[in-house]
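Visitor: Sequence:
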Amino acid sequence: MAEKKYLKESIKLGDRELTVESGRVAKQADGSVVIRYGDTMLLVAAVGAPTVREGIDFFPLTVEYRESNYAAGRIPGNYFRREGRPNEKEVLTSRLIDRPCRPLFAEGYKNETQVIASVISADPDNNPDVIAITGASCALYLSDIPFLNPIAGVRIGLIEGRYIVNPTYDEVRESRLNLIVAGTEEAIVMVEAGATEVSEEIMVEALMLAHKEINRLCRWQKELYKALEIQKREVTPGALDEEMHREIEEKYSERLRSALDTTAQEKRTSYAAVDALKKEVVESYPDDQPERRVMAKLIFDHLK
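Residue numbers (the UniProt record's numbering): 1 to 304.
Bear in mind the hints are in silico, worked out from the structure with no lab data behind them. Wrong hints could be hidden among the right ones.
Said to hold, decoys possible - Subject to a maximum C-alpha distance of 25 Å in a straight line, what follows is the list of computed DSS-like cross-link-like pairs (lysine-lysine):
#1 LYS8 <-> LYS212
#2 LYS226 <-> LYS4
#3 LYS5 <-> LYS27
Unchecked claim - Here are the in silico distance ranges between beta carbons for each label pair:
#4 ALA49 <-> VAL204: 39 to 45 Å
#5 LYS304 <-> ARG176: 25 to 31 Å
#6 GLU54 <-> LYS5: 33 to 39 Å
#7 ALA49 <-> LYS279: 26 to 32 Å
#8 ARG162 <-> LYS8: 43 to 49 Å
#9 GLY161 <-> ASN215: 22 to 28 Å
#10 ASN69 <-> ASP144: 45 to 51 Å
#11 LYS8 <-> THR196: 35 to 41 Å
#12 ARG257 <-> ALA49: 16 to 22 Å
#13 LEU148 <-> ILE11: 17 to 23 Å
#14 GLY161 <-> LEU240: 37 to 43 Å
#15 LEU260 <-> THR196: 21 to 27 Å
#16 ILE56 <-> ARG162: 48 to 54 Å
This one's a predicted model, so the numbers in the text were calculated from it and none came from an experiment. C-beta: ideal position from N, C-alpha, C; glycine also.
Let's have the full structure, built from the sequences with the hints guiding it.
Guide: In structure tokens, the structure reads:
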């Protein structure tokens, strides 16, 4: 394994510095960073298997976010004095990280991949959840794993008509808006929000501010990528059966086009129609031919 370059850089985010350090901790992981905001620090490590697992037709990505008691200087209060299963916040934060990251891997990449975000220091002001989104992107993007487009996450608050980027816990309690946004340099890819009767205009302004900050963070990650001179892995998508492809395309392409048309139906109706059509395509091949059923799924997804 080649020696990883050491890098430590900071960028202003809100009224505090966001610092990323790479090449010092967890060097055997494909990508790892220590990301710090205020006195909140996380170690985020990413590992991708060198080869694809045989017989799978999905992307086996695992994201785990953990807040250990030691990060806040505490000992677990249970009888065994051990860390337990992930709590609700940890599960929901893992999903916050997973959702924006999953679509941005190279097409055809199906190697088992894990992203583990561990809070190693938690201060009383800064919530680690949105920092973990940016940290996961840094760990993946600053590695050879074919994660091709960096993302970032920010939280926007609103107090007395003033927008706040990454508000503290106390500011969130006072805020009329608690908006979490993740996105790439070009677009917003995930929004999660809670609010007290804010107008559409306020929500749009908050989204625009969030994406402005996300854009800066993504461009910054691209500068770090260039500084580390990383070479991404080549991804060779599996070959599709040409005869099956032609057969499925001729038989189902018109119906698939209709199912995907969201101008003529609601999105939920479209999703249900696509799922039903995919099931029909797969079940048109016998149960005792699982390889052809897997190929049918791949061809359908390719056509979609």
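Visitor: Determine for every hint whether it applies to the structure shown.
Guide: How the hints compare with the structure:
Restraint check for LYS8 and LYS212: the C-alpha separation of about 23 Å stays at or below 25 Å, so the hint holds. At most 25 Å may separate the alpha-carbon atoms for a hinted pair to count; LYS226 and LYS4 meet this at roughly 14 Å. Taken as a hint, the LYS5 and LYS27 pair is honoured in the structure, with Cα atoms around 10 Å apart against an allowance of 25 Å. Judged by the Cβ atoms, the range 39 to 45 Å given for ALA49 and VAL204 holds: they are separated by roughly 42 Å.
Distance hint for LYS304 and ARG176: a CB-CB separation of about 40 Å, inconsistent with the stated range 25 to 31 Å. At about 34 Å, the CB distance of GLU54 to LYS5 agrees with the hint of 33 to 39 Å. The hinted window of 26 to 32 Å between ALA49 and LYS279 holds, with their beta carbons roughly 29 Å apart. The hinted range of 43 to 49 Å is not satisfied by ARG162 and LYS8, whose Cβ atoms lie roughly 32 Å apart.
Range check, GLY161 to ASN215: about 24 Å between beta-carbon atoms, so the 22 to 28 Å window is met. For ASN69 and ASP144, the Cβ-Cβ distance of about 34 Å falls outside the hinted range of 45 to 51 Å, so the restraint is violated. At roughly 40 Å, the beta-carbon separation of LYS8 and THR196 lies within the given 35 to 41 Å, and the hint holds. The hinted range of 16 to 22 Å is not satisfied by ARG257 and ALA49, whose Cβ atoms lie roughly 36 Å apart.
The beta-carbon spacing between LEU148 and ILE11, approximately 21 Å, falls within the hinted interval of 17 to 23 Å. In this structure, GLY161 and LEU240 break the distance hint of 37 to 43 Å, their C-beta atoms being roughly 55 Å apart. Roughly 37 Å separates the CB atoms of LEU260 and THR196, a value that falls outside the hinted 21 to 27 Å. In this structure the supplied range 48 to 54 Å holds for ILE56 paired with ARG162, their Cβ-Cβ distance being about 49 Å.
Against the hints set out earlier in the document, violations occur for numbers 5, 8, 10, 12, 14, 15.
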